[in-house]
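Each residue of the sequence shown is one higher than the last, beginning at 545 in the numbering used here.
If you are wondering where the hints come from, they were derived from the structure by calculation, not from laboratory data. Treat the hints with care, since some could be wrong.
Stated by the list, open to error - Only pairs whose alpha carbons sit at most 20 Å apart, straight line, appear in this in silico EDC-like list of lysine to aspartate or glutamate:
| no. | residue 1 | residue 2 |
| --- | --- | --- |
| 1 | 728 | 661 |
| 2 | 729 | 685 |
| 3 | 635 | 620 |
| 4 | 735 | 685 |
| 5 | 711 | 733 |
| 6 | 571 | 606 |
| 7 | 694 | 712 |
| 8 | 665 | 712 |
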Amino acid sequence: MEAVILCAGFGRRLRPITKMIPKPLIKYNNETILKQIVLKLFSIGVNKFFINGYYLSNKIRDFLNGIYGVEIIFYEELEILGTGGGVYSFKNFFENDFLIIHNSDIIHEINISKAIDFHIKNNAFGTLILKDDYQNNVIVENLRILDFKKGNYENAWTFTGISIVSKEFLNYLNHKSSLIEGFKKAILDNKLILAYITNEPWFDILSALSNK
């Protein structure tokens, strides 16, 4: 399987920590977030990783050079791209029918394998892993995602930053787009974008560090 880990962000909410350390290399429970994600995905069968970088990207590249046993393709953005652009940059390298997209600033115990099974069983165009949390703005009806809003809503869920998408989803992205913009376009085109809802532990790194 193939996975993209998005690592290009500035991590402004985590300053002053991120003045010297890129967000994916912050340690939680004595290990960097990025390595925890790589190991978690490797354990479920991911053997090819696509990782982008921009802010302090040399430190991310050097760190990745110390990870052995998996194939990692690193792309250094010359200018900061949207989250969709970070995925789109690898469009000519994907070989499988679907890929996992994973944020690099989250700590979780989500069973991604079950979400993949759900995605395949339902022949989804895209599947977002959602949770009831602090920012419930993904509108869902009968497990089908209808829209993304700003603010909090009833009958809505928080996007965890983990998704499974078909390779054709990249046709809805460009270098400047966000992933959410791509999902919105696909929904308008009547593509099947589903919600896999979990109650498993999940935190963004800011919340995780604040609660330690």
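So, going through the hints one by one against the coordinates:
no., hint, in the structure
1, 728 - 661, "23 Å, violated"
2, 729 - 685, "18 Å, holds"
3, 635 - 620, "15 Å, holds"
4, 735 - 685, "15 Å, holds"
5, 711 - 733, "16 Å, holds"
6, 571 - 606, "16 Å, holds"
7, 694 - 712, "27 Å, violated"
8, 665 - 712, "18 Å, holds"
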